[in-house]
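There are 2 protein chains.
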Amino acid sequence: MMQTRIGYGSTKAQVSLCYNQEVPRRFHRFFIIVIPDAWLLYHKVEIQVLWEEVYPCLMRYGHFYSFMTSDDRLSNHQVIINLRSMNNILSFDKVSGILVCEAGCILENLISFLDNEGFIMPLDLGAKGSCQIGGNVSTNAGGLRLIRYGSLHGSVLGLEAVLANGTVLDMLGTLRKDNTGYDLKHLFIGSEGSLGIVTKVSILTPPKLSSVNLAFLACKDYTSCQKLLSAAKTKLGEILSAFEFLDINAMDLVLKHLDGLRDPLPSSKHNFYILIETTGSTESHDKEKLEAFLLQSIESGLLTDGVLAQDINQASAFWRIREGIPEALMKAGAVYKYDLSLPPEKMYDLVEEMRGCLGAEANVVAYGHLGDGNLHLNISTRQYDDSILTKIEPFVYEWTSKHRGSISAEHGLGLMKANKIHYSKSLETVQLMADIKKLLDPNGILNPYKVLPTSVLPQRGEEEPKKEA
Amino acid sequence: MMQTRIGYGSTKAQVSLCYNQEVPRRFHRFFIIVIPDAWLLYHKVEIQVLWEEVYPCLMRYGHFYSFMTSDDRLSNHQVIINLRSMNNILSFDKVSGILVCEAGCILENLISFLDNEGFIMPLDLGAKGSCQIGGNVSTNAGGLRLIRYGSLHGSVLGLEAVLANGTVLDMLGTLRKDNTGYDLKHLFIGSEGSLGIVTKVSILTPPKLSSVNLAFLACKDYTSCQKLLSAAKTKLGEILSAFEFLDINAMDLVLKHLDGLRDPLPSSKHNFYILIETTGSTESHDKEKLEAFLLQSIESGLLTDGVLAQDINQASAFWRIREGIPEALMKAGAVYKYDLSLPPEKMYDLVEEMRGCLGAEANVVAYGHLGDGNLHLNISTRQYDDSILTKIEPFVYEWTSKHRGSISAEHGLGLMKANKIHYSKSLETVQLMADIKKLLDPNGILNPYKVLPTSVLPQRGEEEPKKEA
Chain A
1 MMQTRIGYGS
11 TKAQVSLCYN
21 QEVPRRFHRF
31 FIIVIPDAWL
41 LYHKVEIQVL
51 WEEVYPCLMR
61 YGHFYSFMTS
71 DDRLSNHQVI
81 INLRSMNNIL
91 SFDKVSGILV
101 CEAGCILENL
111 ISFLDNEGFI
121 MPLDLGAKGS
131 CQIGGNVSTN
141 AGGLRLIRYG
151 SLHGSVLGLE
161 AVLANGTVLD
171 MLGTLRKDNT
181 GYDLKHLFIG
191 SEGSLGIVTK
201 VSILTPPKLS
211 SVNLAFLACK
221 DYTSCQKLLS
231 AAKTKLGEIL
241 SAFEFLDINA
251 MDLVLKHLDG
261 LRDPLPSSKH
271 NFYILIETTG
281 STESHDKEKL
291 EAFLLQSIES
301 GLLTDGVLAQ
311 DINQASAFWR
321 IREGIPEALM
331 KAGAVYKYDL
341 SLPPEKMYDL
351 VEEMRGCLGA
361 EANVVAYGHL
371 GDGNLHLNIS
381 TRQYDDSILT
391 KIEPFVYEWT
401 SKHRGSISAE
411 HGLGLMKANK
421 IHYSKSLETV
431 QLMADIKKLL
441 DPNGILNPYK
451 VLPTSVLPQR
461 GEEEPKKEA
Chain B
1 MMQTRIGYGS
11 TKAQVSLCYN
21 QEVPRRFHRF
31 FIIVIPDAWL
41 LYHKVEIQVL
51 WEEVYPCLMR
61 YGHFYSFMTS
71 DDRLSNHQVI
81 INLRSMNNIL
91 SFDKVSGILV
101 CEAGCILENL
111 ISFLDNEGFI
121 MPLDLGAKGS
131 CQIGGNVSTN
141 AGGLRLIRYG
151 SLHGSVLGLE
161 AVLANGTVLD
171 MLGTLRKDNT
181 GYDLKHLFIG
191 SEGSLGIVTK
201 VSILTPPKLS
211 SVNLAFLACK
221 DYTSCQKLLS
231 AAKTKLGEIL
241 SAFEFLDINA
251 MDLVLKHLDG
261 LRDPLPSSKH
271 NFYILIETTG
281 STESHDKEKL
291 EAFLLQSIES
301 GLLTDGVLAQ
311 DINQASAFWR
321 IREGIPEALM
331 KAGAVYKYDL
341 SLPPEKMYDL
351 VEEMRGCLGA
361 EANVVAYGHL
371 GDGNLHLNIS
381 TRQYDDSILT
391 KIEPFVYEWT
401 SKHRGSISAE
411 HGLGLMKANK
421 IHYSKSLETV
431 QLMADIKKLL
441 DPNGILNPYK
451 VLPTSVLPQR
461 GEEEPKKEA
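Residue numbers (the UniProt record's numbering), protein chains in the order written: chain A, 1 to 469; chain B, 1 to 469.
Excised from the complex, chain A in its bound form:
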């Protein structure tokens, strides 16, 4: 068993520090950390040795993935590849808004850089201070701006990836239109590092618009929330930039467990709360549109109450309620978390059925990106309990599958849900994914046991016979 090993492109001291921060002591014997810099990665000096030795490689882009779970399959000679040293911005074109950077850039640093140039990133996440853009791309991160700027499949224009055999795949185009052959970059967006290591990214960034407004609203029932979404898409059209919801259980939880927050609509309790954000180029126009929309929605009975943020502090306080839910859930005790995509009209039926199943045993809390059909379903209990879990699973997956939803909307399958992929994807599609995995990573060294079920891949140590004997 090896204890530590020099990372690449860093001094021994740096690696040791990083090693201690990243890997809990009890795992020290299992992991090697590699922090490549660009030159070493591309010239394959030593990293190829690791690949040739067929050590499983675990990608790390700022966050821990789920690989710290105590899985017996991940017990020896793991290589953690951390791209933190590859954090250069390579170019930015102010006419087209196209940014090219290395994959280790921290999202928040890119946001700051673009802010100075008058642009924004097309994605924003709570974890922006620590996550790296390569990880965002590899996991197809969603976040708060998806309703306006779409997914990374639309805004990532190109990337560079290193394959399992060390081949550097240069697909780092900076063009909005390019129909020359198959658009292979999409294989690497959302494949969670299991097909290759994303090392550079080219991304289309929208111009920063000066007017941002936020409303905190209340609806009496879920049908009204849906109708409000339809109306917002038409009436606010081009300026709508977020449409988030939380239910009364989520609101109560936040107000109970987080300090310094107060109910923006204190006169009475409501079943549902909605945050609507608008972003546009002209403050007076946006205010006029938003106020007219709100007035009309109150008159038509869609809204029961609402308030517009008067300044940036109030806007932050409103966002804190929505973004503070995960923290409040942690404080409340044990929590079973599900990140689901469902057709909007069906979404809340699941929450109500779940409440029916669990009764007083648990607090079923629902919130999420309603504008994108993305429900974060959380089941909060005093402590983890297998008898509760058996009431939740497989019910929640079967229900989602029956309504052609996704059992992982924006978080990815990782290690824990790889074997559940069939709830959302057909047998034939999963088989083709496995064929592509075998084509790109025949030894299965990149993020093993993740994304795809073991049933469709050769097991490590019992690889299929090599084709060229």
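No lab work stands behind these hints, which were simulated from the structure alone.
Among the hints, erroneous ones may be present.
[Said to hold, decoys possible] Here are the computed lysine-lysine pairs in the DSSO-like style, where the Cα-Cα straight-line distance is at most 27 angstroms: (1) Lys287/B - Lys235/A; (2) Lys94/A - Lys235/A; (3) Lys287/B - Lys287/A; (4) Lys227/B - Lys346/A; (5) Lys227/B - Lys94/A.
[What the hints assert, rightly or not] Computed footprint of chain B on chain A; a stretch qualifies when at least three of its residues, placed anywhere within it, have a C-beta under 8 angstroms from a C-beta of chain B: (6) 267 to 277; (7) 321 to 328.
Think of the CB as a built atom: it goes at the ideal place given N, C-alpha and C, for glycine as much as any other residue.
Please arrange chain B on chain A, whose structure you already have, making use of the hints.
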């Protein structure tokens, strides 16, 4: 040699009529037309026989592709698959704006359907009256709305495809967010039917906004055009829906060859003309933004002249100038056409260098989607002449490659440019494309000789030995 053969899912009379319309008489002995309906396609009743006999299949989605070129390799037993009978709209969700339809739906019919529902298609093309959505998706069609709504990789949410071995791949999700495994639908978007037959499509459609405005503008030089684009992105921000350009040569050609058109800015000639379209939800706001933007641009010297369309007839007349250029080029004589993506700041350098090379021998005409970095470079001559062609090619491809542009921005490589893919894609990337083609279509029966160069694929008749003997 067979003369005709009954198509599937149609009567003999229908097929015969369609056959005579689609296939010029001199090709009759070469082609079999298959018009599957859904049932037959999915149940693989007879179509599988064709696949098993390993006839090359040519996809047809409303338009002829380039397969009518007299290529000796395409001489026998061709199967044309036309999905025109699969033209049903399967569902439409008014809350999410998600449309699910069969691949044979004509784009214009979808546009009309959505118009009644208060939505629009995220793409619009001159050929909308005849092209089918399956073809749009298979060729990753661009068009006029890309600057606003992005590419089909962003708006297509799911699709169903039939693979070369008859497997039906159900990836027909209707979710905006779904991170369960590799997003394989992207392999079929833009692969020009060479990996599978797209049979159903799920697409996110934006709400129809009531206010549309159009300005016809003039700039003195190309630098001003670029600065105007930057300014439009910031000042018009969320309402900008088209930014098209044509140069003086294009304008002269249109005014000379097309009847009933007049110069919207007749007081003097200008080097460059720009069309800016805005689309928004509130007419008064949009007008105010656009007028302020135009006034400021004239004051700052970016614009030398300009006019706002006063009604829908004038708007149509402005668009007719831009959209009439291909027709005017045809009337002017021979034309060498190139559809290129280039970084906007470099784009017009190529046009000027081309003029330098050709001198008085040819009229070099430039127009395109400047907002997307997409140049349509057209070289108009009295007649086709190899001595002119040798001055254009490979120069234009080499120039584009040197500046990391795309030699086919929105039209695809087809048969004629398959061997030119290396100008825009790296060797390693093309090799991986070939590996994926071999994985999905080992006998090379789907749109053979298209997209990928013959050098990276086994030749027909000299297939690689089967892996399982």
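Has the segment 267 to 277 of chain A got at least three residues whose CB is nearer than 8 angstroms to a CB belonging to chain B?
-> As far as the segment 267 to 277 of chain A goes, the hint is violated, because 0 residues have Cβ atoms under 8 angstroms from chain B.
Does the structure keep lysine 227/B and lysine 94/A at a Cα separation of 27 angstroms or less?
-> Distance of about 10 angstroms is within 27 angstroms: holds.
Do the alpha carbons of lysine 287/B and lysine 287/A lie within 27 angstroms of each other, as the hint requires?
-> Given that 27 angstroms is the threshold and the Cα spacing comes to 17 angstroms, the pair holds.
Between lysine 287/B and lysine 235/A, is the straight-line Cα distance small enough, at 27 angstroms or below?
-> Holds, because 17 angstroms separates the two Cα atoms, which is no more than 27 angstroms.
Are the Cα atoms of lysine 227/B and lysine 346/A separated by 27 angstroms or less?
-> Answer violated: lysine 227/B to lysine 346/A is near 47 angstroms, above 27 angstroms.
Does lysine 235/A lie within 27 angstroms of lysine 94/A when you go C-alpha to C-alpha?
-> Cα-Cα ~31 angstroms, so violated.
Tell me if chain B covers the segment 321 to 328 of chain A under the three-residue, 8 angstroms CB rule, please?
-> It is violated: at least three residues are needed, and the segment 321 to 328 of chain A offers just 0 whose Cβ sits closer than 8 angstroms to chain B.
Checked against the numbered hints above, the structure breaks hints 2, 4, 6, 7 and satisfies the rest.
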